[in-house]
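Asker: Given the sequences, and given the hints that come with them, work out the whole structure.
What follows is the residue order along each chain.
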Amino acid sequence: MITGTGITKTYKQRGNLLGGRDVQALRGVDFAIEKGGAVTFIGESGCGKTTLGRIVAGLETYDSGEIVIDGTPMSGLRHRQRQAYFRRVQLIHQDPYSALNPTRTIHQTLHAPLALRARQMGRSKAWAEERARELLTLVGIDPGYVLPRYPHQLSGGMRQRVVIARALTVDPEVLVADESVSMIDVSLRLGILALLKDLRERLNVSVLFITHDIATARYIGDDGELYVIYRGQVVERGPTEAVISGPVHPYTQALLSAIPVLRGVERPGAERVVPTEALDERHADTGCLFARRCPFRTERCESERPSLDGTGHGHACFHPRPRAVIPVEASA
Amino acid sequence: GVGRSADSGVYTTIDGAKQIDATAPINPFNPQGNTFLGYDAMTLAWPKNDPVDPNRFYPGIAASWTVTPDQGEVVIHLQPKARWSDGKPVTSEDVRTSIGLAYTQGGTAYAVDPKAAGSAADVRVVDERTVKVTQGASKSNLFLRNVLSTVVVPAHVFGGLLPADFWTTLKAARGTGPAVEQAKARITGLAEKVISFAPAKDVSAGPFTLERVNPGEALLVRNKYFYANHNIAPDRVKVLNYTGNQQIWNYLISGSLDSAPFTAVPTGVLKRIRETEGNEVVKGFSPVAVSMAFGQTRKPYDNVHVRRALAYLIDRGQVTKVASPEAGTPAKTTTGIHAKSAQAWLGDGIGELDQYQVDPAKAAKELEAAGMTRKGGKWAMPDGTPWKVEIHVPASFSDWVAAAKAITSQLNDHGIDATVLTAADYTLYLDELAAGKYDVGFWLMALGPSPYNIYQRIYGSANGWQLLAGQLTHVPPGTQGNWMGGPETIDGVNPGVLTSRLNAAGPDEQRRIVGTLARLTNQQLPVIQLYDYVNTQFVSTSRYTGWPPADSDVLRLPAGVWMQLGMIKEKAGS
Amino acid sequence: MSVTQLLPAPATPRRNFWRGVLRVMRRKPSRMAGVAIVALFAFMGVFGPLLYPSPLPRDDNALYAAPSWAHPFGTDFEGTDVLALVVTGTRYVLLAGLATAVITVALGTGIGLLAGFHRGRWDTVLMRLTDLQLTIPGLPLLLVLSTVWKFTSPLEMGVVLGVLGWGGIARAVRSQTLSLRERGFIEAARGLGLSTRHIVGRELLPSMAPYIAMNMLIAVTGAIYAQVGLFFLGVLPFDANNWGVMLNLAVFGGGALTSAAALPYLLAPLLAILLLTLGIVLVVDAMDEIFNPRLREE
Amino acid sequence: MNTVIRRLTGHLARGLAMIWVVTTISFVIIRNIPGDPVRGQYEKLIEQGMGPDQAERATAALYGFLPTGSLWDQYTGYLNGLIHGDLGQSLSTPGTGVATLIGSAAKWTVLPVLGGTLLSFLLGVTLGVYAAIKRSGKLGDALAISGSLLHGVPQYVIGLLVTAIFTTLWPILPAGGPVDIAFEPGFNAGYLVSLVQHATLPVLTYALASYGGWILAMKSSVATVLGDDFILAAELRGLKRGVLFRYIARNAILPLFTILALSLGMLFGGAIFIETIFNYPGLGLLLVNSIGARDYALMGGTFLVITVAIVVANIAADLLYAVIDPRVRTGGAA
Amino acid sequence: MTESFAPGVRVQDLTVVYRTPMGELPALAGVGLTLAPGTITGIVGESGSGKSTLALSLLNAVQPPGRISGGSVEIDGLGDVVRLTGDDLRRARGRQVGYVFQAAQNSLNPLKTVGKQLLDLGRSHDVADLPALLREARALLGRMGLDGGRVLDSYQHELSGGMRQRVGIMLALVLNAHLVVLDEPTTALDMITQATILRIVREVHRERGLTTLIVTHDIGVAAEVTDSLAVMYGGRVVEHGPTMEVLGSPRHPYTRGLIRAIPRLSGDIGEATALPGRPPTLGTIPAEGCVFRERCPLRMAVCDTEDPAPAAHGGRTVACHAVGRPVNFAVRKEYV
Ligand SMILES: Nc1ncnc2c1ncn2[C@@H]1O[C@H](COP(=O)(O)OP(=O)(O)OP(=O)(O)O)[C@@H](O)[C@H]1O
Ligand SMILES: Nc1ncnc2c1ncn2[C@@H]1O[C@H](COP(=O)(O)OP(=O)(O)OP(=O)(O)O)[C@@H](O)[C@H]1O
Ligand SMILES: [Mg+2]
Ligand SMILES: [Mg+2]
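Protein chains in written order, with this note's numbering: chain X, 4 to 335; chain R, 92 to 665; chain S, 757 to 1054; chain B, 201 to 534; chain E, -4 to 331.
For the record, the hints were derived by calculation from the structure and aren't laboratory data.
A virtual CB, placed ideally from N, CA and C, is assigned to each residue, including glycine.
Any given hint could turn out to be false.
Claimed, not checked - Distance condition first, Cα-Cα at most 25 Å in a straight line; then the derived SDA-like pairs of lysine to any residue:
1) B:Lys334 <-> S:Glu1045
2) X:Lys15 <-> S:Phe873
3) B:Lys440 <-> E:Gly262
4) B:Lys338 <-> S:Phe873
5) R:Lys284 <-> R:Ala270
6) R:Lys456 <-> R:His396
7) X:Lys200 <-> E:Gly262
Stated by the list, open to error - Residues of chain B clear of chain E, computed beta-carbon distances all greater than 10 Å:
8) His211
9) Arg239
10) Ser270
11) Gln274
12) Gln397
13) Asn451
14) Leu454
15) Val512
16) Ala517
Stated by the list, open to error - Here chain S is said to cover these stretches of chain X; the calculated rule only asks that three of the stretch's residues, wherever they fall, bring their Cβ under 8 Å from a Cβ of chain S:
17) 196 to 202
18) 211 to 222
19) 295 to 309
Answerer: Put into structure tokens, the structure is as follows:
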């Protein structure tokens, strides 16, 4: 169980003297990842999803807030101890092409962490070998084929599976999957999504899924939680299915409206929310962060910032209203 | 023809004494100064190149002179028609000012310290064109030479450098009492000002004046007021800069030089030079020899047998052939004197000396006498450790490097392990040599014609004898530049004392001393004389004629002096 | 999973690699020539001095002899065969070159890795140092240094040249490290808790190895040239023969630039340098292609 | 512009620090050089036929003003002088300021260095474009290999070969010196022709020695740009070949300008071999000569000037980049 | 605005090969495709199926080491583009055929402002009235919701991804081209921007009367904007027909599999499944037989030896041996 409260992060712009604006990537984000649960973050480009994922994986520092892993607050710990905790969170990179060392075979890639693991747990070398095969089988590829090969000899889907297998070598509790399927061919995407779902069930790992394609969130687990993040703030949160079928925040609705409709299979929803203008980091951050782009904004929105309310399906909006923005099946 | 100065009336040459530095002032007291001896810089007289007599001269600014037998008093009569290039006459006052300026620089004849041998005690203007210079108590037989070598500069240009009270200060500095040091300091304190003085333009009493200079060349034009203007053929003189011999070779091959100073030259290059139309080689006497010298405090060179053995193994003819076939003659033997002077100094005495012909058997015997042993074809030190002869030379002297390499090759042939080690430059070489870091190094010697100068190179400061303010002292090896480290006396003879006596001795005594020192040097071999330099010069007959013949006594003088003496004539038809 | 699926370990990729090498070589015969040239020089460096009697024979009657069958490049000022001088001089030259390369590469790689990997304050300090090294004019400093310090052995020479020449590599390795660091696999290794030693030694270095190897070759040539140049200028004391000494003696002693007689004496070491450069250029050209990722796509 | 000024101040501060460090290092090294200018001068006088005593006194007078005091005093004195623009007095050319000597040498270095570099830059860049475009052809290959070869061969090899060819085998050009003295300096034909004649071989050597580098740099730069999407995009928009060529050239040459600035700085120090071989009186030769004469002040000064040239070139290169590349100029992410 | 003339395009038997270490391999093998005048046609397919190659072929712009080795591309008013060379070809590009590049993010010269590049374009095509061109460009940009003046004064790095893409479209249309090829116009843009761009494409298409070809690997994108849809696999067009029909009742087993593999917002999650196997690359495309057979649930013996020829089925062209057989089709249909 990992919880985060009030996580903020500001990137200081260095080197670039003229554009010397700081970027507030996260503005007080709360989240909780249950053991074996699934949490999805969606949002537009640049709204802080990756930053959050990296913070959770311990690869990035944060300015304030607290992350608690299994009841232990991280802020009190020394660097080394913290690292040990964060080892339980493994990041799966977006790009399976750069996530594997091109000069090492899959065997070598998997062996390094497993050998370490074997030493830590007092197991034999043979165990490490066996475990490598086990993990590859678990992620659905043939160890015999894959082990002696170099990454460039594998397809994107296979590589992504290898990356997942590598993350599993340390028996993590959480997998952070940042856009893990966006670079994989359409025909193979579902396979990876299904694998992640499968791992949740079989190994009881939780998955923190980061994407800008909401549809994929459904395939990680319909029992999961969905967080819609905008300019570093969570604007809507709730059970995945509930948010998708009944979005109340105009931003969520805009995101859902933008998803192309598979005409012939689906019909567009009755309503559609289109932002009044494009995202611009330079927009003022007084009031509601979305106000400038919101077709439903009122004066209040421009002066006051709504906060995320309640538990369960919550939102940060002064004018929440469900709208039928998502497409419906053509046959229905 | 690039570089070929085809335009008539231009005489192209090189000043062997210095590299041209365009930023330096037109000032003969500055070592880099842009004045050229014989062309625009004049001395009172020009020394002849006599193998034994240093006191023979051609007239310069001085038309004539008289000297007392003990050289106590020199009276100089200036050229009656001498004028500066701005038309002003050259007067006795100019000479006196020049001597005053020389005092600030510390010439031998013009040492502030009265005890210094051969320094002038008094300078008196007799009349407009007559000056009298008297020598102090500590006499030197080189006094005349030194006085006549005085460079004369115009008082109306340089005079301001001397403060009004200069002569009284000088007198005070040469006297006794507490004020002496202060006065001395004031005189020497002028040195820097004199050296850096930069006249706006050249005012010369010589046949030419400097027109302009750039980093590569200097251009001099005729001085129409020169007293012997009818003797001067060229209208202009171009002095080329050089940084290495090979540049001179290049100029010669392209035929652009009318005359070139002494240069060592490899045979192949000489052939090319000769192929150029008009080029001729003139050879004459040069009172310099090169030797291989030993650090006698270092083993095994402290042992005279070892030095003799090496002398028996070195084929000087071969060394010369490799190193300097054109500008050297193999040393007949080691006397410390150039072979040509030796004939005059020693006469038949030479025959009694060991010639050190190549003789491996004798060498082996000498080595054995020194306790050296032969193991597997290689000679080893008496204690059995390997012996390696390391010969040091400065990298910039190509003939020395070649000679040293030839010697090591020969020694290697005879079972002595030998290598050449070079020093990056001459300065560094001298420094390390003086610090006693070398076993064996090359050394210039036999600097005639004065016998004192000859032996000073062997039994002078390099060997521990320091002559300061007329006082001779001996310092132990390894200190104050005593790198040769020879014994202070050998068989009751103190060579240093004898050498310093040469300074003041009369002709007979000089001959006796030289004989003793030559024998001693031949037997003890503090150095092994390798080859004697030949003054090899190049002239081109394509534009000018009237060159000095081989062995002429003007050969060491600049071509400007040849012109003054009326030798150089424009070639008919050119 | 059945046991039969145990595949022989990574034999295939390795064999592919060598096959790739061969193919690259064969594509341009000039590359073969390059390898042959480099091999020739290596051979001369190792066995050259053994091929001739020591000391080298001289012929007093053939000073600066013209090229002939007996002396393909003529003889020098004391009648020694010039070719023999070039061959026996190779060892010294190569040794100093190698020493320099090792030091340059070790220092450059070490500092570059350290700076790139640790970033932050380390990076700032090390990069300032690198800037400094790159700012100091190397050749002038060498000239000045050569008067203070006598590089009596090729190794000493190598140390100094190395200390004066690591900056370029350090900077390049740092930027490589920085870019590799951003690659997922380095981050993943850190996330897995692998040791820094593992990450640097097993993940980073192998990726940069070809790059470093090429730099090393280039450093070797650079060092050889600097060293030969110093000998040529005559600022280094010399005791053994080597190419730079030959150049110096030919130009300043033999008048090679003046008379054709000594020209072969000058040209022989010049040709040796040209040939060695050519060899190395061709080999680097081949390496460039061998290690190019394009080749891995098969 | 703001960016440029801010960059400039930062660079200046760092550049000054760098110069200070280099100055200090060179000061320490130079003061530890063995070899004594006094003894060198003494032996020189002896060789010129001066008597030993006379030579001794003459040198004493000459070097009466050698730097004295502890190393630290000399150092602070030196730095103090530097701050006031005083590089000290030359020992080998007594009475002349180091600054004067360097100034007159620098102008001779600038001429061939600039000429040679620009010539090779133009040549190399043109051929580099060609080599990149004809990458797979025989000629392109030959160009690339010859480029690498010339780039790899040290300057002095080229210098020596050039000299051997043009002054020995086929003597058509003067072998040394900066200009024939026979001509009045100034804007007259004879002087200028002579100037050019004398500079030809050094310029040629610089050009040959560095053009290979330009070929390589330009080739790889063009290859990179050719691989860039916008070139294909421009082609697909039907832009004329000339326009397309300018797109490629401008983008490819941009990174080379900074290298150009840097190499100009480096060349001040790299001129040593060429100036020695051609006896060209520039900074390199000055440095070599000052070392031979143990002229500490001149050595330090020359070294300093060479360093400053490099630092200035570095700054210039960066600013140049900032000025000509809009991505840097307007402060966007590149 | 001039009266619209939307050209038709007929691609016949187009073969494009790339030179690789293993010899010349075909990235397009005998592709036939017709773009009806005034329609938006989409090409979808996985990575490496030859979409970009086909798009480039429309401009005879296949880049080395590739070359068109056979077939023809007839464009109304231009003739066979494959035969065009030199200046004729150059003028056709830009003036008659507009191309929006796959990586439009980097399709602008970083050293020149958009305006300057626009002028270069005008000069290259001998536009006499450059001010008018600028006005037209500003109008187009304004149409796409941008401040034309500001954009023309901007460098590439000063524009966001969506803005760059719109500039790319502007440059493709500003010379009044009536055939526009867009290669992956929305890849690397986020959802909301993508939706905007797609809307613009659709509107501009209608307003200017264009024939448009959109290449994408995202079927959703194609579904949003296209009238007809071609599905590519391994260098072949395996199915082509009206978009609604192709998506609503796919005939080719690959099309079917592809649609089923798309994660969707509505519908039963359990229905979606990934295609087994992996898409072929140039080196792994089978030399003979059906290219899809390795992953095909309907594989038959004939598939191993014979490459199915495209055949018309109603308004559609399908290249599959199994599609001719109603039995199989009926059996499978129950699962769709
Ligand atoms: N290392 C960094 N330095 C400076 N700014 C950064 C850094 N990393 C991210 N940012 C900025 O922080 C903000 C959030 O970035 P982040 O990568 O977390 O967004 P994201 O939601 O993952 O976007 P995308 O969907 O494009 O991946 C962006 O404005 C980005 O420019
Ligand atoms: N320059 C090239 N050299 C060799 N093969 C190439 C080259 N360009 C493309 N190919 C190959 O040609 C085939 C078709 O490539 P193409 O770029 O047309 O595919 P695509 O459908 O556009 O894929 P993507 O969706 O990745 O853009 C691929 O298998 C690809 O590997
Ligand atoms: Mg992200
Ligand atoms: Mg594509």
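Asker: Next, verify each hint and record whether it holds.
Answerer: Evaluated hints:
no. : hint                   : verdict
1   : B:Lys334 <-> S:Glu1045 : holds, 17 Å
2   : X:Lys15 <-> S:Phe873   : holds, 21 Å
3   : B:Lys440 <-> E:Gly262  : violated, 52 Å
4   : B:Lys338 <-> S:Phe873  : violated, 42 Å
5   : R:Lys284 <-> R:Ala270  : holds, 22 Å
6   : R:Lys456 <-> R:His396  : holds, 9 Å
7   : X:Lys200 <-> E:Gly262  : holds, 18 Å
8   : His211                 : holds, 23 Å
9   : Arg239                 : holds, 61 Å
10  : Ser270                 : holds, 57 Å
11  : Gln274                 : holds, 51 Å
12  : Gln397                 : holds, 41 Å
13  : Asn451                 : violated, 6 Å
14  : Leu454                 : violated, 7 Å
15  : Val512                 : holds, 26 Å
16  : Ala517                 : holds, 17 Å
17  : 196 to 202             : violated (count 0)
18  : 211 to 222             : violated (count 0)
19  : 295 to 309             : violated (count 0)
Violation of the numbered hints given earlier is confined to hints 3, 4, 13, 14, 17, 18 and 19; the remaining hints are satisfied by the structure.
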